[in-house]
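J.: Read off the chains here:
There are 2 protein chains.
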Amino acid sequence: MSKLKRNERIGAIVKILCDSPNKVFTLNYFTNRFDSAKSTISEDLVIVKKIMEEMSLGKVVTIAGASGGAKYVPQMGREEKQALIERICEDIRKPERVMPGKYLYMADILYNPTYTKGIGDIFAEKFSDDHTKVDYVLTIETKGIPIAMMTARGLNVPLVIARHENKVTEGSKISINYISGTTGNLQTMYISKNAFKKDSNVLIVDDFMKAGGSAKGMTQLVHEMDCHVAGVCVLFDTTNPSQKLLDKYISLIKYEGIDAKDAIMVHPNYEYL
Amino acid sequence: MSKLKRNERIGAIVKILCDSPNKVFTLNYFTNRFDSAKSTISEDLVIVKKIMEEMSLGKVVTIAGASGGAKYVPQMGREEKQALIERICEDIRKPERVMPGKYLYMADILYNPTYTKGIGDIFAEKFSDDHTKVDYVLTIETKGIPIAMMTARGLNVPLVIARHENKVTEGSKISINYISGTTGNLQTMYISKNAFKKDSNVLIVDDFMKAGGSAKGMTQLVHEMDCHVAGVCVLFDTTNPSQKLLDKYISLIKYEGIDAKDAIMVHPNYEYL
Chain Y
118 MSKLKRNERI GAIVKILCDS PNKVFTLNYF TNRFDSAKST ISEDLVIVKK IMEEMSLGKV
178 VTIAGASGGA KYVPQMGREE KQALIERICE DIRKPERVMP GKYLYMADIL YNPTYTKGIG
238 DIFAEKFSDD HTKVDYVLTI ETKGIPIAMM TARGLNVPLV IARHENKVTE GSKISINYIS
298 GTTGNLQTMY ISKNAFKKDS NVLIVDDFMK AGGSAKGMTQ LVHEMDCHVA GVCVLFDTTN
358 PSQKLLDKYI SLIKYEGIDA KDAIMVHPNY EYL
Chain Z
118 MSKLKRNERI GAIVKILCDS PNKVFTLNYF TNRFDSAKST ISEDLVIVKK IMEEMSLGKV
178 VTIAGASGGA KYVPQMGREE KQALIERICE DIRKPERVMP GKYLYMADIL YNPTYTKGIG
238 DIFAEKFSDD HTKVDYVLTI ETKGIPIAMM TARGLNVPLV IARHENKVTE GSKISINYIS
298 GTTGNLQTMY ISKNAFKKDS NVLIVDDFMK AGGSAKGMTQ LVHEMDCHVA GVCVLFDTTN
358 PSQKLLDKYI SLIKYEGIDA KDAIMVHPNY EYL
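If you're matching them up, the sequences are chains Y and Z in order.
For the first sequence, counting from 1, position 198 maps to 315 in the working numbering; every step adds exactly one.
For the second sequence, counting from 1, position 61 maps to 178 in the working numbering; every step adds exactly one.
Next comes chain Y alone, as it looks inside the complex:
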């Protein structure tokens, strides 16, 4: 391969950084890969940083020192975030989503690759500061998994999935019982005994919060394993009950229910957008 030009190096650096959010690439990595001097790569990184910020395409953080380098952190512009969540709300409002029993069909939204990527990036951005170091993302099967996976990817940390059943194929477990706000039933959630290293910071991510039973259960699991809850993020929560089992959580969409005319009342929660 012939030596790359600046604009070629910049294209390649953007691809490499953005493919692995929150992963630090050293200057040496780039000097080896591009057969270029450190000073050249440093100048490239200045341009990459500038363009990402100017175009609201994310943040590139450069790290000084011997082990220095650069990493990409997901960061959407405010308008882009709001546009995404407004688009999701519009999609939720489709009348055909109302199921018997006034449940909402949401699977296609929760498993949509564009939506989940965007939601994951919004959550990851909020926990990408150095003072809120997240070590794991935790969710409970099933519907929150895609969003949780995209959040874990944005943060470059492992995902852990709590299960409703104690699978023999997965070794020793810790379990807790909790009341599901959706069904009112007593349920059990299980997690592998070795899922977290002691003293880790765990970010809890789920699709939906009504009373907060599942999220509360997950915080108990985290504490049970001598770890800390870094935060709780859900895509949407209900306005009723207004009093949740958890004091502090991030929700991107407020769901008020279905009115007498079967209209779905849902709106972006601009507080977090």
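Everything labelled a hint here was simulated from the structure, so no lab data went into it.
Remember, it's a predicted structure, so these values are computed and weren't measured experimentally.
Please note that the accuracy of each hint is not assured.
What the hints assert, rightly or not - One-sided and incomplete, this derived list gives chain Z residues near chain Y with beta-carbon spacing under 7 Å: (1) V131; (2) Y222; (3) P230.
By construction, the Cβ of each residue, glycine as well, lies at the ideal position given by its N, Cα and C atoms.
Chain Z: place on chain Y using the hints.
T.: Showing chain Z alone in chain Y's frame:
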């Protein structure tokens, strides 16, 4: 914002394309966003295409004509694919993975954001040709979901998740019964009646195949809904039984079991790498 220089436009184009694999962006999109002439953007795209291919960073496909534009398609170099799968195999071989009953603890591998992204890209690449147009990715809960989600993201198509239980919150279902190769039990899988549009092509993705019961069950679900199976992809399959319930599938890792000394016998399936 002042007018961008070529190297800035190239950085931004790479970010925009790679953020949305398999999504076509028109020339107009870029001319508006960068306030540049079509000829300028076309030249930028030639450079982007070249650098991605030279550096094995993926493929950029340019589409000619009035509605023309460009899209990014995940494409790893052969060495990079093999290195990823070899690294995963090495990780699987850790002795502490052996659970009572000779089960393997695999959750941390299946939920690792770097691994799942890479595996999803490998699967997506194989089905990104125009003659194998995929409309949906289908998996069954729980452990295959992250890989399936990353594959769906690479292909830019919706993910559909078959469930083991008939959740009342999700409307009408189609169900089929199948024998799980792992447990030997008769199980049921459910899918929403409206999950697929008729005549769609569905790519089945799962973490693991032993006899092929789950994958076979999913193909039955697909046919039940008047759709076609575009392919079946699993991260790993067992060498025993060698005769599966399905003739044709893609597996990236061959698992031969645990030998008398508790060594985990696993190796990359170079046929698909």
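J.: Starting from the hint list further up, note which numbers the structure goes against and sort them upward.
T.: none
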